[in-house]
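Visitor: Sequence:
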Amino acid sequence: MPTVREDVQYDPSNAEDILRFAKELKGKTLGEWIIDHENDRPPVNRKGRFGQILEDVVFGIPNNSKKAPDLEDVGIEIKSTPIKIEGKKKVPKERIVLSMINYMTLLEEGWDMSFFKKNGKLLIIFYLYEKRKRISEYKILDAILWEYPEEDLRIIRDDWNVIARMVKEGRAHEISERHTMYLAACRKGISNDKDSQRQPYSDEKALRRAFSLKQSYVGQIWKSADSESIVRCANMNKTFEEEVLDRFTPYVGRSTDEIEAMLGITFEKNPKSRYAILANKMLGVKTKNIAEFEKADVYMKTIRLKADGVPKESMSFPSFDYTEIVRQKWEDSDFYNQLNRRFLFVIYRADGDGLRFENAMFWSMPQEDLQEAERVWKKAVQSFKESRFTERPKMTESKVSHVRPHGQSGKDRVMANDGSMQKKMCFWLNAKYLAEQIKTCGQRKI
DNA sequence: GCATGATCATGC
DNA sequence: GCATGATCATGC
Numbered sequence: 003m004p005t006v007r008e009d010v011q012y013d014p015s016n017a018e019d020i021l022r023f024a025k026e027l028k029g030k031t032l033g034e035w036i037i038d039h040e041n042d043r044p045p046v047n048r049k050g051r052f053g054q055i056l057e058d059v060v061f062g063i064p065n066n067s068k069k070a071p072d073l074e075d076v077g078i079e080i081k082s083t084p085i086k087i088e089g090k091k092k093v094p095k096e097r098i099v100l101s102m103i104n105y106m107t108l109l110e111e112g113w114d115m116s117f118f119k120k121n122g123k124l125l126i127i128f129y130l131y132e133k134r135k136r137i138s139e140y141k142i143l144d145a146i147l148w149e150y151p152e153e154d155l156r157i158i159r160d161d162w163n164v165i166a167r168m169v170k171e172g173r174a175h176e177i178s179e180r181h182t183m184y185l186a187a188c189r190k191g192i193s194n195d196k197d198s199q200r201q202p203y204s205d206e207k208a209l210r211r212a213f214s215l216k217q218s219y220v221g222q223i224w225k226s227a228d229s230e231s232i233v234r235c236a237n238m239n240k241t242f243e244e245e246v247l248d249r250f251t252p253y254v255g256r257s258t259d260e261i262e263a264m265l266g267i268t269f270e271k272n273p274k275s276r277y278a279i280l281a282n283k284m285l286g287v288k289t290k291n292i293a294e295f296e297k298a299d300v301y302m303k304t305i306r307l308k309a310d311g312v313p314k315e316s317m318s319f320p321s322f323d324y325t326e327i328v329r330q331k332w333e334d335s336d337f338y339n340q341l342n343r344r345f346l347f348v349i350y351r352a353d354g355d356g357l358r359f360e361n362a363m364f365w366s367m368p369q370e371d372l373q374e375a376e377r378v379w380k381k382a383v384q385s386f387k388e389s390r391f392t393e394r395p396k397m398t399e400s401k402v403s404h405v406r407p408h409g410q411s412g413k414d415r416v417m418a419n420d421g422s423m424q425k426k427m428c429f430w431l432n433a434k435y436l437a438e439q440i441k442t443c444g445q446r447k448i
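When you line the first sequence up against the working numbering, it's residues 3 to 448, in that order.
Treat the hints as calculated values from the structure; they're not laboratory data. Do not take every clue at face value.
25 Å max Cα-Cα, derived DMTMM-like pairs, lysine to aspartate or glutamate [to be verified]:
1) 25 <-> 58
2) 425 <-> 326
3) 141 <-> 58
Ranges of calculated distance between the beta carbons of each label pair, as one might list FRET restraints [said to hold, decoys possible]:
4) 178 <-> 147: 49 to 57 Å
5) 254 <-> 179: 48 to 56 Å
6) 26 <-> 156: 28 to 36 Å
Nothing here was measured: the structure is a model prediction, and the numbers come from that model. Cβ coordinates follow ideal geometry from the N, Cα and C atoms, glycine included.
Please model the complete structure; the sequences and the hints are all you need to start from.
Guide: Set out below in structure tokens:
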């Protein structure tokens with residue numbers, strides 16, 4: 003029996019071609035395939051039905067539960083997973099369920115055979131789940147070929163070991179999803195005795211379980227589908243930071259007009275985000291979601307210097323929630339988390355009427371300044387606790403940071419910890435402090 | 001010229 | 001509709 007039907011429009015032995023075919027599904031619905039099958043395949047909304055139809059009708063792979071991946075030649079397993087709309091965001095609706103766990107054979111099969119061989123490479127089709135629609139109407143959002151990044155694989159392998167160890171210790175019946183990080187043993191089927199499984203080192207029956215990728219991890223995969231990778235095609239001998247800074251090199255010293263001309267962009271108006279947009283363009287990416295930036299928690303900020311090298315403005319951070327902040331400790335506060343990461347400063351300097359791109363640099367806050375920020379934060383929190391909302395730390399009181407309004411207008415108010423309505427505020431890094439940091443950091447040279 | 005308050009533009 | 005990054009405006 004052939005692995006795939008003969009009329010499929012892709013080459014099942016060529017991963018690239020499979021991905022091409024899958025990408026072409028974007029924007030389509032299963033309805034486009036199953037019209038002719040309406041009678042024998044009523045599109046009832048039933049768990050897993052979307053995946054079955056997709057594999058069968060679109061990819062031409064008959065339903066099976068064999069050990070080998072769906073596309074055996076290239077070792078690719080096809081998975082479809084629903085995305086739902088939550089507020090304004092699209093997020094995964096479920097975990098992705100992988101192969102069943104067979105407690106009796108798990109240990110002898112080992113990591114490779116029991117897990118990696120079938121689940122190591124996934125072709126993931128994301129579709130938009132909409133409550134009132136039939137599955138033939140769900141729109142396919144995206145398709146990606148997923149291979150686990152090295153650092154994720156380490157964690158997943160640890161997760162697998164946790165599960166295997168419990169089987170080895172005769173505790174398969176105690177396995178739970180909360181024991182693992184990315185990979186989980188999720189329950190499968192109904193929880194009655196009839197459905198329970200034997201395990202090798204105990205007489206106790208264990209629930210049927212399958213390997214699955216946790217919903218939060220699916221969220222990471224989904225996000226990465228949506229972002230771009232800088233190092234994907236980069237020179238492997240360079241570090242990530244070197245690669246990033248190199249992208250900016252051709253523009254160093256050029257005026258923003260020149261850069262815009264080089265990049266072929268024009269601004270009709272003069273949006274406040276102009277230089278941030280320009281920074282993204284110089285990096286050579288279309289979106290803001292640069293995969294490595296997200297993973298490494300790098301925070302890109304544009305800075306405009308006056309001719310004398312001092313930033314024109316202080317640097318703002320997201321506004322805080324009074325009710326939250328008074329309950330938080332410094333170590334788990336938002337401001338601490340915002341500061342305690344790597345920054346990428348994209349720096350422009352005033353030159354005549356316009357601006358010149360000076361350079362880009364990575365920066366992290368020195369420890370002693372982080373302590374100073376902590377002092378400012380604690381002072382602000384103390385004032386809020388005592389309902390002294392106007393006595394917030396001013397720029398003159400600390401060399402590092404201060405608190406200032408940050409709303410959409412002066413009328414932009416939020417509920418404070420004492421129930422009163424107060425102006426929306428945020429922490430800022432002082433312009434002068436930034437000037438000093440840029441100077442010392444700049445001497446280390448990019 | 002600087003500190004502080006206020007607001008704009010974008011995108012989710 | 002609002003959070004966010006960024007910048008503008010004003011008064012001392």
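Visitor: Can you confirm whether the C-alpha distance between residue 141 and residue 58 stays at or below 25 Å?
Guide: 17 Å, holds
Visitor: For residue 254 and residue 179, compare the CB-CB distance with the range 48 to 56 Å and indicate the outcome.
Guide: 50 Å, holds
Visitor: Is the distance from the Cβ of residue 26 to the Cβ of residue 156 consistent with 28 to 36 Å?
Guide: 34 Å, holds
Visitor: Are the Cα positions of residue 425 and residue 326 separated by 25 Å at most?
Guide: OK: residue 425 and residue 326 at ~15 Å, within 25 Å.
Visitor: With respect to the beta-carbon atoms only, verify the hint that residue 178 and residue 147 lie 49 to 57 Å apart.
Guide: Hint violated: Cβ distance 31 Å, outside 49 to 57 Å.
Visitor: Taking 25 Å as the top limit, are the C-alpha atoms of residue 25 and residue 58 close enough?
Guide: Holds. Residue 25 to residue 58 sits at ~17 Å (cutoff 25 Å).
The structure is inconsistent with hint 4 alone, although it conforms to all the rest.
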